[in-house]
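Listed below are the residues making up each chain.
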Amino acid sequence: MSSPAQQSAGKPVAFVSAQALRARMHDAVNDPHLRQSFRGAMDFLMAKRAAQFPDQGELDSLRSLSESIRQYSLSKLPDLLEQLEANLTRNGVQVHWAETPEEANAIMLGIAQRHAARLIVKGKSMVSEEIEFNHAMEAAGVGALESDMGEYIVQLAGEKPSHIIMPAIHQTKQQIAKLFAEHIPGVDYTDNVDALIQIGRRVLREKFEVADIGLSGVNFAVAETGTLCLVENEGNGRMCTTVPKVHIAITGIEKVVEKLEHVAPLFSILTRSATGQAVSTYFNMISGPRRGEDKDGPEEVHLVLLDNGRSQAYADEQLRKTLQCIRCGACMNHCPVYTRIGGHAYGTTYPGPIGKIISPHMMGLEQTHLLPTASSLCGACGEVCPVKIPIPELLIRLRGEANSAPHANPAMVGQGAAYDPKISLLWKLWARLYARPATYRAFTWLATRFRALTPTQQSGWTAARTPLKPASRRLRDMVKDRR
Amino acid sequence: MSSPSHGANTPRTYPSRPQAVYFYGTCLVDMFVPEAGMDAITLLEREGIRVIFPDNQTCCGQPAFTSGFPDEARRVVEAQLDLFPGNHPIVVPSGSCAGMIRWHWEKVCAGDPALKARAEAISARTYELAEFLLHVLGFNRKDEGPATTVTLHTSCSARREMGTHLVGRELLARLGNVTLAHHDHESECCGFGGTFSLKHPDVSTAMVSDKVASLKATGASQLVTADCGCMLNITQRAAREDQDAGRACASLPGEHLATFLLRRTGGSPCGDQK
Amino acid sequence: MSARERILAKLRKAQPELPQHLPSLDAHYAPRVRGESRQERLARFRTGIEGFHADVHISTAGNWPQVLATLCAEKNIQTLMYGAATPAAAQLEATAFGGTTLRPWAGQFEDLKADLFHRVDAGFTLARGAIAETGSLILWPSGDEPRTLSLIPPIHFVLLDAATVHPTFYDALVNENWAAGLPTNALLISGPSKTADIQQTLAYGAHGPKELIVIVINVEGGTV
Numbered sequence: 001m002s003s004p005a006q007q008s009a010g011k012p013v014a015f016v017s018a019q020a021l022r023a024r025m026h027d028a029v030n031d032p033h034l035r036q037s038f039r040g041a042m043d044f045l046m047a048k049r050a051a052q053f054p055d056q057g058e059l060d061s062l063r064s065l066s067e068s069i070r071q072y073s074l075s076k077l078p079d080l081l082e083q084l085e086a087n088l089t090r091n092g093v094q095v096h097w098a099e100t101p102e103e104a105n106a107i108m109l110g111i112a113q114r115h116a117a118r119l120i121v122k123g124k125s126m127v128s129e130e131i132e133f134n135h136a137m138e139a140a141g142v143g144a145l146e147s148d149m150g151e152y153i154v155q156l157a158g159e160k161p162s163h164i165i166m167p168a169i170h171q172t173k174q175q176i177a178k179l180f181a182e183h184i185p186g187v188d189y190t191d192n193v194d195a196l197i198q199i200g201r202r203v204l205r206e207k208f209e210v211a212d213i214g215l216s217g218v219n220f221a222v223a224e225t226g227t228l229c230l231v232e233n234e235g236n237g238r239m240c241t242t243v244p245k246v247h248i249a250i251t252g253i254e255k256v257v258e259k260l261e262h263v264a265p266l267f268s269i270l271t272r273s274a275t276g277q278a279v280s281t282y283f284n285m286i287s288g289p290r291r292g293e294d295k296d297g298p299e300e301v302h303l304v305l306l307d308n309g310r311s312q313a314y315a316d317e318q319l320r321k322t323l324q325c326i327r328c329g330a331c332m333n334h335c336p337v338y339t340r341i342g343g344h345a346y347g348t349t350y351p352g353p354i355g356k357i358i359s360p361h362m363m364g365l366e367q368t369h370l371l372p373t374a375s376s377l378c379g380a381c382g383e384v385c386p387v388k389i390p391i392p393e394l395l396i397r398l399r400g401e402a403n404s405a406p407h408a409n410p411a412m413v414g415q416g417a418a419y420d421p422k423i424s425l426l427w428k429l430w431a432r433l434y435a436r437p438a439t440y441r442a443f444t445w446l447a448t449r450f451r452a453l454t455p456t457q458q459s460g461w462t463a464a465r466t467p468l469k470p471a472s473r474r475l476r477d478m479v480k481d482r483r
Numbered sequence: 001m002s003s004p005s006h007g008a009n010t011p012r013t014y015p016s017r018p019q020a021v022y023f024y025g026t027c028l029v030d031m032f033v034p035e036a037g038m039d040a041i042t043l044l045e046r047e048g049i050r051v052i053f054p055d056n057q058t059c060c061g062q063p064a065f066t067s068g069f070p071d072e073a074r075r076v077v078e079a080q081l082d083l084f085p086g087n088h089p090i091v092v093p094s095g096s097c098a099g100m101i102r103w104h105w106e107k108v109c110a111g112d113p114a115l116k117a118r119a120e121a122i123s124a125r126t127y128e129l130a131e132f133l134l135h136v137l138g139f140n141r142k143d144e145g146p147a148t149t150v151t152l153h154t155s156c157s158a159r160r161e162m163g164t165h166l167v168g169r170e171l172l173a174r175l176g177n178v179t180l181a182h183h184d185h186e187s188e189c190c191g192f193g194g195t196f197s198l199k200h201p202d203v204s205t206a207m208v209s210d211k212v213a214s215l216k217a218t219g220a221s222q223l224v225t226a227d228c229g230c231m232l233n234i235t236q237r238a239a240r241e242d243q244d245a246g247r248a249c250a251s252l253p254g255e256h257l258a259t260f261l262l263r264r265t266g267g268s269p270c271g272d273q274k
Numbered sequence: 001m002s003a004r005e006r007i008l009a010k011l012r013k014a015q016p017e018l019p020q021h022l023p024s025l026d027a028h029y030a031p032r033v034r035g036e037s038r039q040e041r042l043a044r045f046r047t048g049i050e051g052f053h054a055d056v057h058i059s060t061a062g063n064w065p066q067v068l069a070t071l072c073a074e075k076n077i078q079t080l081m082y083g084a085a086t087p088a089a090a091q092l093e094a095t096a097f098g099g100t101t102l103r104p105w106a107g108q109f110e111d112l113k114a115d116l117f118h119r120v121d122a123g124f125t126l127a128r129g130a131i132a133e134t135g136s137l138i139l140w141p142s143g144d145e146p147r148t149l150s151l152i153p154p155i156h157f158v159l160l161d162a163a164t165v166h167p168t169f170y171d172a173l174v175n176e177n178w179a180a181g182l183p184t185n186a187l188l189i190s191g192p193s194k195t196a197d198i199q200q201t202l203a204y205g206a207h208g209p210k211e212l213i214v215i216v217i218n219v220e221g222g223t224v
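Residue numbers (this note's numbering), protein chains in the order written: chain A, 1 to 483; chain B, 1 to 274; chain C, 1 to 224.
Please note that a few of the clues may not be correct.
[Claimed, not checked] Distance ranges between label pairs, derived from CB positions:
1. B/248 / A/47: 38 to 44 Å
2. C/40 / A/33: 45 to 51 Å
3. C/20 / B/85: 46 to 52 Å
4. B/20 / A/408: 46 to 52 Å
5. B/71 / A/56: 37 to 43 Å
6. C/47 / B/71: 55 to 61 Å
7. B/113 / A/453: 44 to 50 Å
[As the list claims (entries may be wrong)] Here are some chain C residues pointing at chain A (derived, C-beta under 10 Å):
8. 6
9. 12
10. 16
11. 89
12. 93
13. 97
14. 109
15. 163
16. 192
17. 209
FYI, nobody ran anything at the bench for these hints, they're computed from the structure. The structure displayed is predicted, hence computed values, not measured ones. Built from N, CA and C at the ideal position, the CB exists for glycine as well.
Given the sequences, and given the hints that come with them, work out the whole structure.
See the structure below:
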């Protein structure tokens, strides 16, 4: 069985094989420029978030509430999706379902072709990155233009986002200045940030005006009212969902909540956790196309509901917790590994701790089994997660899924991908040694008495450290001597 | 019960001073840093506590558990469940091993209700050494050492699983002649992470090198930590840097909190007697 | 089977038998509905939205059109577009606006699109209310006051009645029972459009308005 991502491999900026993770990590940690810029950016974002939660009691209460709203919503997910569909349909929104990226792209291409669309302007949507939407449209002769400033920069550079909230966080203003001067006709080099943003504004406003279709993601979909909620600062999300005649929204099936009131705490904890803002500039609640007395807004609104591995995670009580995610990015901002390697090294659409636990469901463990191992399990991600996803626990679970011998009815595609009979045997021997006190005592006695024979090359440990050497006597020897 | 690593900041209630405790030394201390374990035992005994050292103890199972070999972890955990027949508290001189016992033993035993119940009963009376010294024994002895400045590294498990990140600070604050120098990014991981340091040496090295730089930047005379895993990671990285730079003496010596506390308060750490 | 049926079947097969309890939001929000006066609440709103780079002017029910006219003159606004059929429109039209042309929205968006993008300097709308906790305006665009009035022109003027400031977003949507009937588009707006996508440097005027100017009708006339 091949995963969707394998089927879509080989595209220009498609997923990079996870097998190359080590090489990418090596390159990243040895790039002082990258190290410095990510450290600075993450320090900035951590401080901003901390400033938003001066009251620990309020934070604890809001996190618990947000976790329980997400868990409640997931516990009723199929019902809520049907309720959402019914209410959106009643509001005049056309709802589509897609199991794979290919299906989602085909649905959206169909809509584009029906309208003879030449240009689609895009608001920020990680799901559209997940399905390689831009590439699918371009392959069919339809232009797909990113309009979020960060996404626009990344698209100009021919890259993928390195952070889910701040896509161009890896680029300096000098690099962006160069990019603009090279790619935008009539633009001279300037690294003045205000000037650069005004250039982007001018170029993209021309596109909003002429685009045939606007594409957006969804932050929360409200079942009881049939409402799509979007969080943004720039106004490009509003442009994409208001100006073109057709608006297509795409979202993962997990984003639905039952009641409108449920979005209030989630919205609050999202912006505060993500960028340390009390609130974003815009919170855009869309409940249908132009209708009745309305004088503007799109004439058609579509929603594409994407599975792409989410139902696999849903099927397992523990793995289901990955679907609580509201995509704030706080886990990557606080991750010591992400801080040192940046987003691109992961080779997946979603980097950082959350990427390590959701990508295996989207791409299969064959490609991604190394990701869950690239963590010291320090727990910083779980500590800041606004919906209390136990990320370290899930990383351990995925390590187990990857390491275990392939068996029938696995919980996920690619189970056993890292299975190595030799490694498994080593752990079995380890367990025998440590589960039998007498054998353990004999082993440690020998290891301490013959400590001079300890190998001085100790795998990754001695890559950067002096070798470990057992003490001359064990603690138990000392205890015995003293008694 | 869920680990506070994802936010259950429920403060722990502590028992009153017991007559005896079980001491669970951990495999790392047993074989690599026995003096830390011995000094911890001395500290406890000096406070009038009878210390029981179950001779059949081996390992808490953490290496297999975190590497994704839960069956192997369970086998080792099972072998530890008979070690503590009395109702005495269990004291562990390591945040990560204490966290393993406190939060994860019941998970690895989840498949067998009887086993799980035994694991839970043990988890409930397991304490990290520093929190036991502070909250149960009210450790407050006179500092007899000369004025010094030290820096403290608190392990991620102590910080996020045991919720004891302020305990080490408080114990040091009770030493009149000791100044604690805080380092930048204090809450950040040192990059050890057990098999992580072996499997991903590039990132682990980047993390520990940054940690060493931050700790050294405080100008402190030494590092104090309550976790031997972090301690070996940090000090042996620093030693390697010294070696590479041709420095003869250690630029960042470190010792376990137990050893440091014992020496400062008139005791004789076993390593000093050699 | 369609994709819809396959997805729903997979979810249903895995769905927990008993859904979790519906979370109670009141317990979290109850302590946050402070027993503050209207003036205090307005002050919190003002501090919040000014922190997001909006300008706030306090006025009265009779005088706000004059405040707006003065601001338009100061900002050298040639064309101000507004919704034609609102109660405020009549007041606007009765006010001398000097060099600023008042242009009511007339027709469908397609008729006005080029003007909105290239010739209208400012849009004027009413706010349905506001949120003290975050410094946010609540807008419910309608046929009378379309969505693009608050989006495309570079300056957005908003008229807010101080009596409609809610402590939190939760209070606004629960007390007014929004779930019973939302418009095509409902909005919270907290400042002019902005971005920090280049080196975390904040820049205003990204894609939406570059300036957000709030005129508050404060009947009690207190100073804020």
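Report the numbers of all earlier hints that the structure fails to satisfy, in ascending order. 3, 11, 12, 13, 15
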